[in-house]
Amino acid sequence: MNLRTVIRLIGVLLGFIGLSMSFPLFWSLYLDGPDAGALGTSMAVCIGFGGVLFAVGWGSSAPVLRRESLAIVGGGWLLAAFFGALPFYLSGAIPSFIDAYFESMSGFTTTGSTILLDIEAMPRGLLFWRSFTHWLGGMGIVVLFVAVLPYLRAGGKQLFQSEVPGPAQDTLKPRIQETASFLWKVYVGLSAVLTALLYLQGMSFYDALCHTFGTMATGGFSTQNASVGAYDSWTIDLTLIVFMILAATNFGLYFHVIRGRLNSLLRDPEWRFFVGLVGLCILLVSANLYHRNYDSVWGSLRYGSFQVVSIVTTTGFGTADFDVWPAFSVLILVSLMFVGGCAGSTGGGMKAIRFLILLKNAAHGVERVFRPHIVRTMKLGGEPVEDDLRDAIVVYFSLLMLLFLFSSLAMAAMGLDLLTAVTSVATTLNNIGPGLNAVGPIRNFAGIPDAGKLLLSICMLLGRLELFAVLVLFMPSFWQGR
Amino acid sequence: MEIVVIGAGQAGTHIAAVLSQEGHDITLIDVDRERLERASERLDVRTLCEHGASPQVLEKAGAARADLVAAVTHSDEVNLIAAVTARQLGAKRTAARVYNRAYHGGGKIEYRNILGIDLIISPQTLAAFEIAKMIENPAAVAVETFAQGKVQMRQMVVRNGTPGVGRKIRDLFPPGRNSGILAVSLSRGSTISIPGPDDVVNEGDRVTVIMPSGRTDEARKLFGDLEKGAATVVIAGGGTTAMMLAQILEARDVDVKLIEENRERCQALSRVLGTTHVIHGDASRRGVQEEERVGLAGAFVALTGEDELNLMSSLQAKELGVRRTIVVVNRVDYAPLVERVGIDHAVSPRILTGNRVLTLVGGLAIESVAILQDGKAEVVEMTAQSGSAVVGKALGSGIRTPKGSILGALVRDDEVIIPKGGDRIEAEDTVIAFALSSVVEELGALFTNGAN
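In order, the protein sequences belong to chains P and F.
According to my numbering, the first sequence is numbered sequentially starting from 1.
According to my numbering, the second sequence is numbered sequentially starting from 1.
Note that these hints are calculated values from the structure, not bench results.
Take these hints with a grain of salt, some might be off.
Ranges between beta-carbon positions, derived for each pair [said to hold, decoys possible]:
1) F/Gly-422 with P/Gly-382: 50 to 58 Å
2) P/Asp-387 with F/Arg-101: 22 to 30 Å
3) F/Arg-101 with P/Ser-264: 25 to 33 Å
4) P/His-373 with F/Glu-227: 27 to 35 Å
5) F/Val-341 with P/Leu-399: 56 to 64 Å
6) F/Ala-251 with P/Ala-230: 53 to 61 Å
7) P/His-256 with F/Ser-75: 37 to 45 Å
8) F/Gly-321 with P/Arg-371: 17 to 25 Å
9) P/Arg-371 with F/Glu-227: 28 to 36 Å
Partial list, derived from the structure: chain F residues whose beta carbon lies under 7 Å from chain P [what the hints assert, rightly or not]:
10) Gln-267
11) Ser-270
12) His-277
13) Val-278
14) Ile-279
15) His-280
Over the 12 Å line for every Cβ pair with chain P, so calculated as not near, a few chain F residues [to be verified]:
16) Arg-188
17) His-345
18) Gly-396
19) Ala-427
Cβ atoms here follow ideal geometry from the backbone N, Cα and C, with glycine treated the same way.
Start from the sequences, fold in the hints, and give me the full structure.
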C-alpha cells in the first residue's frame, strides 16, 4: 500500500468537493441567504484540508493499484461525507454533527433518508447543497475525477471499477478516461432535459434543479416536506417515473443507443428483466390498492406505479404514504428494495443482474439434484456468465444478508421496534430513503439514537460502494505490507 | 481428365479409386511410401513419393495442366498451400480439406475467394449435415436438394405392404407434367438402372425419384417413407462434428443430449451450445445410458474418435430401445460391417470428403452432385451454358442424352418443370439429371460451351 499516493488523491477529491460547494454558495449569495457564511467557510476548510493532504502526498509517483484504489474510494467517501456535513453544522441548521453527517452521507450515497423535521424551513443554499450531494454521488465523485484528471492512466481503471456499481463493466472506449467522461456527459445531458421538463410543468427553476438531482442520482431528497406529493401533478409524477427508470438503467447501454443501436437496450437481458419486474410489480400493487386505498383504477395505478418505481430504482421520492398500504403491497416494496436498479446505473440495491444470476444459479442447483452429471454454463442473453462472477455474486449476497441481519439486530438492541429496525437497515443498505413505521415515508430518521445514525451512515456507504471497498478498510491485512 | 490427388489416406484413395474407374488419369502424391504402395496395388494410378505442397513436385505431377488438384493430407496447412500453389501453376480447379474451423473464414472474408481455392472442405461440417439429414429423414436412404432447395432427390427403400409394392412405374408415376414426380433409378441388390415404364417395383427395391420439393409427401406415402424425424437425439462424444450437429439440431428445435467424457470439454461445449443438455459421463456405459434415458430417444449418434467404441455404445443404445442408431466410422472398411450388425447408418467423413471432391469433376457446367450407391451413379445439377449443344433443342428428338442418363427436372425462372418429350432447353436453365458414373462426363459436356 502506498499511503502517500492515497493521501494525495484523497486531497484532490476533497478539492473537488470544496469547489462544488461554490454552486450552493452562489444560490445563497443570490438569494442573500443566512447560510452564505457557513458555506463559504466550509468551502475554504475543505479546499484547505484537501490542499494539505495533496502537499503531504506530493511527489509520490507510485502507481494506483488495487489496494490504493480501494483505500482512495473507501477513505475518500468517508471524508467526503464529513466535509459535506460542515455547511449543515456550521450554519447551525443542523445542530448535532452526527445528524449533519447522517444527512451528508445520505446525500452522497444517494440514499435520501433525512433527519430534517421541516425541510422547507431550511435555508435555500443548504437545501441546494443537500440535493447537489446526491448528484455528485450518483454518477460518482471518483468517476468524475477519473474523467477529469489526465494523469491516472491505468490507476483510473481500478478506481473506476471500485466505484461504479454492479459486477465489472465492459469499458466502452479504449481509454478509461473517455469512458468516464462519456458517462458524465450522458448524466449531465439527461439531467438538463429533466430540469427543462420539470420547469415547463410549473416547478420553479430551483425546485426543478433540486428534483433533477434527486431523480438522476436516484437519491430522493426533495425540497418539500411532502416530497413530490406536494406538487400533486400527474404529469410531474409521470415524468419522474420515466426518468427514475432511465437513471436506473445501465449507462453503458446509452453508449450503444447514441450510436443508433436502439435495440441494444431492448436486447439487454438485465434491462428486460428489470423493466419486466417493475411492470409486474406495478400491476400487482395497483390491483392490491384498488378499492382498498383508492377508488379509481387510475388512482391506484398512478400512486402504485410511482411508489414501485421510486423504491425499485432506489430513489425514495414519495407521493403516497405506503406505510398504510396493505401488507401485500408493502412486502413487494420491501422486497424490491433489495433488487435495486441495473448495474452501471446510479441506482443502489443489489442490482437486477445479480438478482437474475442468483435466480438462475438457484434453478441450476435444483436441476443438479436430479441430473447430477449435467454440465451447464450459465448464460445471460446468450453470453456465458463466468464461474468467478457467479461465485462473487453468491459471496456478495451472503455478505449483504449477514450485514443486514447484524445491523438489524444492533438497531433492535438500541430499542427500536421490529419493523423500524429491519426497514431502517434495508432502506439505508440499499440507498433508498424511506422505511416503514417510525422511519416511514411521512416520518423521518430524527428519532433514531446517535449510535444508530452512525451505523446507518455506514450502511449507506456499504450499499453505495457495494460492500467490498468499505469492508476491506476494516481488514488489518489490507493495511499491512505489500 | 488429368487429376492430381495429394494425400493417399482414406479420402485420397477413395477419390483416386472412383475417378480412375471413371477413366480419368490420376497422379497420387504422398510422403509415405508404404501408403502409396498399398494404393498402387489396387488402383491404376501414377504415384509420387514427395511433399505435395512443393511447387517442383506439383509441376512434376502435372498440376499445371490438371483439371483438378485435390489436397487431402492430414495437415490443413499443407492442403491449403498445395491448393494455392497448384492454382498459381495453372490447375483448372483446386480443392483442399481443412479441419480447423479457424481457416473456414466467415464474415466478409471468404478464404475461397482470397486464396483461389474452388472448394474448401470441412469433413466435420459434411458429416454433421449428413447426420442431421439422416435424423430428419429416417426412412430415406439418401436425400439431396438441388436448385436452392426447389428440387428434391430422394432414394427410398420399398417397404412391405406399402401402396407401391408390385406396381408398374407407369402406374405409380403416370407420365405427363401433372404427376410432377419422376423415377430416375431402380436398384435391386447391387445393380442400378433407369426404370422403364413397365418395370415393376418389388419389396426391398430402392427407388430414386426427382420431384419439386413441395410434393415429397406423395412419393413418401407410396413406399412407406412416413416416419417423422426424431424429436430427441442423444449424441455420444463431444468433438467438433458433435458440436456442429448439436447446433444444427438445436436450430430445428430437436431436443439434444450430448454425452462427453472430458469435463473441460463439457464446459467448453455448454458455453457454445444453447438448449442442448451437456452431460459429463462415459456414453458407452449402460448405467449412463440408462440414466440419460437413451432408450426413449429417437436417435443415438456415436461420434467419438474410436470406431470400436462408437459401435459398442450404439449396440448398447439399440439394446435399450433407441429407435435409430447412427455411427461415424473413421475406417472406411468398417462401414459395411457396421451396418450389417444392426446399426442403421454408418457415416464416414472421409468418404463424404471424397464425394465432395468428386463433385468438382465432370465439366464446368456441373454445380453439385449427389453420389448414389458407392459412386455407381450420380444425380447432378447443371446449368445449360449458352452456346452449348443442348440449348434450343427439344427433348427426345433434338437432344440425345447418353445411355444410362435421364433428365429429371428443369428449373427456369424459379419454376420447376418436370420435362417431357418436346420441351426445349433454354440457356441458363438449371437441369437436374441422373446418370451412371461412366456417362456423367459425357452428359456434362452436352451442357458446356466448348469454347470455355
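Taking the hints in turn, this is what the structure says about them:
Against the hinted window of 50 to 58 Å, the Cβ-Cβ separation of F/Gly-422 and P/Gly-382 comes to about 56 Å, which satisfies the hint. Judged by the Cβ atoms, the range 22 to 30 Å given for P/Asp-387 and F/Arg-101 holds: they are separated by roughly 25 Å. Taking the beta carbon of each, F/Arg-101 and P/Ser-264 are about 28 Å apart, inside 25 to 33 Å as hinted. Range check, P/His-373 to F/Glu-227: about 31 Å between beta-carbon atoms, so the 27 to 35 Å window is met.
Against the hinted window of 56 to 64 Å, the Cβ-Cβ separation of F/Val-341 and P/Leu-399 comes to about 60 Å, which satisfies the hint. Between F/Ala-251 and P/Ala-230 the beta carbon distance is about 57 Å. The supplied range of 53 to 61 Å therefore holds. The given range of 37 to 45 Å is respected by P/His-256 and F/Ser-75, whose C-beta atoms sit roughly 43 Å from each other. Taking 17 to 25 Å as the suggested C-beta distance range, the pair F/Gly-321 and P/Arg-371 conforms, at roughly 21 Å.
Distance hint for P/Arg-371 and F/Glu-227: a CB-CB separation of about 29 Å, consistent with the stated range 28 to 36 Å. Because the beta carbon of F/Gln-267 sits about 6 Å from the nearest beta carbon in chain P, less than 7 Å, this interface hint is met. Look at F/Ser-270: its Cβ gets to within about 4 Å of chain P, closer than 7 Å, so that hint holds up. Interface hint status for F/His-277: upheld, as the beta-carbon distance to the closest one in chain P is roughly 6 Å, under 7 Å.
Annotation: interface hint on F/Val-278 holds; nearest CB of chain P at approximately 4 Å, less than 7 Å. With a cut of 7 Å, the hint placing F/Ile-279 at the interface with chain P holds, because the nearest CB-to-CB distance is about 5 Å. Taken as an interface hint, F/His-280 checks out: its beta carbon lies about 5 Å from the nearest beta carbon of chain P, inside 7 Å. For F/Arg-188, the requirement that its beta carbon stay farther than 12 Å from each beta carbon of chain P is met, with the minimum near 48 Å.
At the 12 Å boundary, the C-beta of F/His-345 stays outside the reach of chain P, the nearest C-beta of that chain being 27 Å off. For F/Gly-396, the requirement that its beta carbon stay farther than 12 Å from each beta carbon of chain P is met, with the minimum near 56 Å. F/Ala-427, annotated as away from the interface, keeps every beta carbon of chain P farther than 12 Å; the closest lies near 45 Å.
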